[in-house]
Amino acid sequence: MKSGQWISFIQKIMYLMIVVLCVARFVMNNELSVLGRMVTEAEIREGHFVRENALIEQHIAQAASLATISKKALDMGFIAPTDIAYFSDAFLRRIAVR
Amino acid sequence: MGRIRLFQMGISLLYVFLIARLFQLTVVESSHYKDKAFRQHAFVLRIPPGRGSIVDTFGNPIVMSVPAYLVYAQPKLIQNPTVFSEKVGMILMTEPEYIFRRISDPSLYWVPLAHKVDPVMADMIRNLDMEGLGLEDESKRFYPESSMAAHLLGFVGYDEKGEEKGYFGLEGMYNRDLTGSEGYVSQEKDARGNPIVIAGMKRVPATNGRTLGLWLDRVVQEISESALTSGMKKYGAVEGSVVVMDPQSGGILAMASYPSYDPQTYTLFDQSLYKNPVVSAGYEPGSTFKVLVMAAGIDEGVVTPDSTFHESGPVRIGQYSIKTWDDTYRGMVTMREVLIHSSNVGMTFVAQRLGKDALLAHIRDMGFGDITGIDLEDETSPQIRPDDEWKDIDLATASFGQGIAVTPLQMVRAVSAIANGGNLLAPRVVKNFIEEDGSVKTIQPKVVRRVFSQSTANIVTEMMVEAVDKGESKWAKPKGYRIAGKTGTAQIPVAGHYDEKKTIASFIGFAPADNPKFVILVTLREPQSSPWGSETAAPLFFDIAKKLMLYYSIPPSG
Numbered sequence: 252m253k254s255g256q257w258i259s260f261i262q263k264i265m266y267l268m269i270v271v272l273c274v275a276r277f278v279m280n281n282e283l284s285v286l287g288r289m290v291t292e293a294e295i296r297e298g299h300f301v302r303e304n305a306l307i308e309q310h311i312a313q314a315a316s317l318a319t320i321s322k323k324a325l326d327m328g329f330i331a332p333t334d335i336a337y338f339s340d341a342f343l344r345r346i347a348v349r
Numbered sequence: 075m076g077r078i079r080l081f082q083m084g085i086s087l088l089y090v091f092l093i094a095r096l097f098q099l100t101v102v103e104s105s106h107y108k109d110k111a112f113r114q115h116a117f118v119l120r121i122p123p124g125r126g127s128i129v130d131t132f133g134n135p136i137v138m139s140v141p142a143y144l145v146y147a148q149p150k151l152i153q154n155p156t157v158f159s160e161k162v163g164m165i166l167m168t169e170p171e172y173i174f175r176r177i178s179d180p181s182l183y184w185v186p187l188a189h190k191v192d193p194v195m196a197d198m199i200r201n202l203d204m205e206g207l208g209l210e211d212e213s214k215r216f217y218p219e220s221s222m223a224a225h226l227l228g229f230v231g232y233d234e235k236g237e238e239k240g241y242f243g244l245e246g247m248y249n250r251d252l253t254g255s256e257g258y259v260s261q262e263k264d265a266r267g268n269p270i271v272i273a274g275m276k277r278v279p280a281t282n283g284r285t286l287g288l289w290l291d292r293v294v295q296e297i298s299e300s301a302l303t304s305g306m307k308k309y310g311a312v313e314g315s316v317v318v319m320d321p322q323s324g325g326i327l328a329m330a331s332y333p334s335y336d337p338q339t340y341t342l343f344d345q346s347l348y349k350n351p352v353v354s355a356g357y358e359p360g361s362t363f364k365v366l367v368m369a370a371g372i373d374e375g376v377v378t379p380d381s382t383f384h385e386s387g388p389v390r391i392g393q394y395s396i397k398t399w400d401d402t403y404r405g406m407v408t409m410r411e412v413l414i415h416s417s418n419v420g421m422t423f424v425a426q427r428l429g430k431d432a433l434l435a436h437i438r439d440m441g442f443g444d445i446t447g448i449d450l451e452d453e454t455s456p457q458i459r460p461d462d463e464w465k466d467i468d469l470a471t472a473s474f475g476q477g478i479a480v481t482p483l484q485m486v487r488a489v490s491a492i493a494n495g496g497n498l499l500a501p502r503v504v505k506n507f508i509e510e511d512g513s514v515k516t517i518q519p520k521v522v523r524r525v526f527s528q529s530t531a532n533i534v535t536e537m538m539v540e541a542v543d544k545g546e547s548k549w550a551k552p553k554g555y556r557i558a559g560k561t562g563t564a565q566i567p568v569a570g571h572y573d574e575k576k577t578i579a580s581f582i583g584f585a586p587a588d589n590p591k592f593v594i595l596v597t598l599r600e601p602q603s604s605p606w607g608s609e610t611a612a613p614l615f616f617d618i619a620k621k622l623m624l625y626y627s628i629p630p631s632g
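Which chain is which? The protein sequence lines are A and B, in order.
In this note's numbering, each residue's number is its place in the first sequence (first place is 1) plus 251.
In this note's numbering, each residue's number is its place in the second sequence (first place is 1) plus 74.
Source of the hints: derived by calculation from the structure; they are not laboratory data.
On a predicted model such as this, the values are computed, not experimentally measured, just so you know.
Among these hints, one or two may not hold up.
Counterexamples of contact, computed for chain A against chain B with all Cβ distances above 10 Å [unchecked claim]: (1) L267; (2) L317; (3) F329.
The list that follows gives simulated cross-link-like pairs (lysine-lysine, DSBU-like), each with its CA atoms no further than 30 Å apart [unchecked claim]: (4) A:K322 x B:K591; (5) B:K214 x A:K323; (6) B:K576 x B:K308.
Beta carbons: idealized from backbone N, C-alpha and C, even for Gly.
Start from the sequences, fold in the hints, and give me the full structure.
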């Protein structure tokens, strides 16, 4: 191959490489942009879940509060304890003998 | 030739100027432009830490942080301020005129409209989809048990920089532990503002605040608060407090005062209500103080439970005359009877036997005149006058709890020393710190010093049991239980003299007497139904004690 043909060949290769690299860059940029958007969305979702979790904890705490439990207990027919009868060991032994 | 030289000089000057400018940009103003460039292609996101929760001894939340939002406006982007104000005002339940005024200031680019907005309201704001209206994440304190233990907890407000800060109680005392530390994310972004994934990203996570695990038991607190409010109503008292302490550890199981406030809406209450009277308000303890002076006398060996003295009438000290509360004099009485009948004359005898130095030494040893060091903000202690200012009459009145001021917490701590065998403990509200990773750091109970011998503690306990079984308040005592206690009725000093009609009625005691699970102090200020502790504070004490016995499944001993 003559030197002129070599130069022409190298020029073509260079042009081709430039085109390929441009396309590659375009694709890469596009990919990165999509990935970046996905990262942002994932972070938003994470924040959303964290907040949702905190709200669920709040609802659990509210549902387990003494005020709620007392109200539900009353609704279910329980009454506040006034007195408790304690059985002595001797009494329990007597019951067991009978 | 001259023109070429002129041209060369011009070019040279231009180079010099360029070099100087480059030096200015890259060296002198380097940091400014670095920051500017960083802001253009990077974003830094603040990660606020979550404020720690406060949980009771069984891990039930008393205070926690929940998501909330800051609603803001950007006035320059708002197209129709009138419509904006009406729509936003309707959701935020604020006057549209107020919002209109807020967004009409031409000098402002960003205006906060409402803090701590709940998620439902935030969704409604978001759905408006209006230009110039935005939301930012915040958090707010949530109290599942409503205003329970408000004085103990304190509240979260804002400091001068607009940052959240805890005030009073535990929120104030442990503000730094509860706050945690802020984190951030710094990352390069593209032209659309999305992060560039292969670019460098720095993420420093926020460290959430520690959770405080308390000694407080929400059931004991609820029992104390409901008994206090109903007792105050029943006896017509203007103020009242209940403190329940574990005498073996010094842990505060409950602490209630009334009138109180709601930490969620603290701004609606008078600021004078923010202080916790149990740790900051002094009162004259009256006859409840007699058990401590008696313990000092027995510990010093100057009296025994069976020591006698002749109670023949009022005792005269200088120009003053000291009488018994019922003006009845019982002749030869023992020290047991002195406590049973709550004799001021008998206690004057004990004080005289003790002498000034020993009595004052014991008073100071029991922690009076100095703060207890409890982990609550704003603890104060009434001062005890210098030793050389004590006169005979002062010693006599101090022996029955008048002329000396203490805080309810100091009283509970001192009587706890009788209950636990003689050790003065450091009172504690926080039992442990719970880190974000679940690890727990427990604070061990601390004995400050021994103030009575075991034998003295046992003897005085028995005398207090007798005082309950045979004293003025025996009618209110739950049957079958051995409870050690003492009533107190102190006149209130007003402008240099004691008001005859106004009293502080109190009762202090512990149960079960042989293995005390709790010490309770009840104080009622100016009860109207009766001025006496035996008819007001005592039944309230026994009501709480009875409920606690049921709660702790403590059977009667006889």
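#### Entry: Cβ separation check - F329 (chain A) to all of chain B, threshold 10 Å
Non-interface label stands for F329 (chain A): nearest chain B Cβ at 14 Å, farther than 10 Å.
### Query
Does K322 (chain A) pair with K591 (chain B) here, judged by a C-alpha cut-off of 30 Å?
29 Å, holds
### Claimed clearance of chain B by L317 (chain A), with the beta carbon kept past 10 Å
Per Cβ check, L317 (chain A) is inside 10 Å of chain B; nearest 5 Å; violated.
### Query
For L267 (chain A), is the shortest beta carbon distance to chain B beyond 10 Å?
Answer for L267 (chain A): holds, closest chain B Cβ roughly 26 Å.
### Message
Can you confirm whether the C-alpha distance between K214 (chain B) and K323 (chain A) stays at or below 30 Å?
### Response
27 Å, holds
### Query
If you draw a straight line from the CA of K576 (chain B) to the CA of K308 (chain B), is it 30 Å or shorter?
17 Å, holds
Violated hints amount to a single one, hint 2; each of the other numbered hints is respected by the structure.
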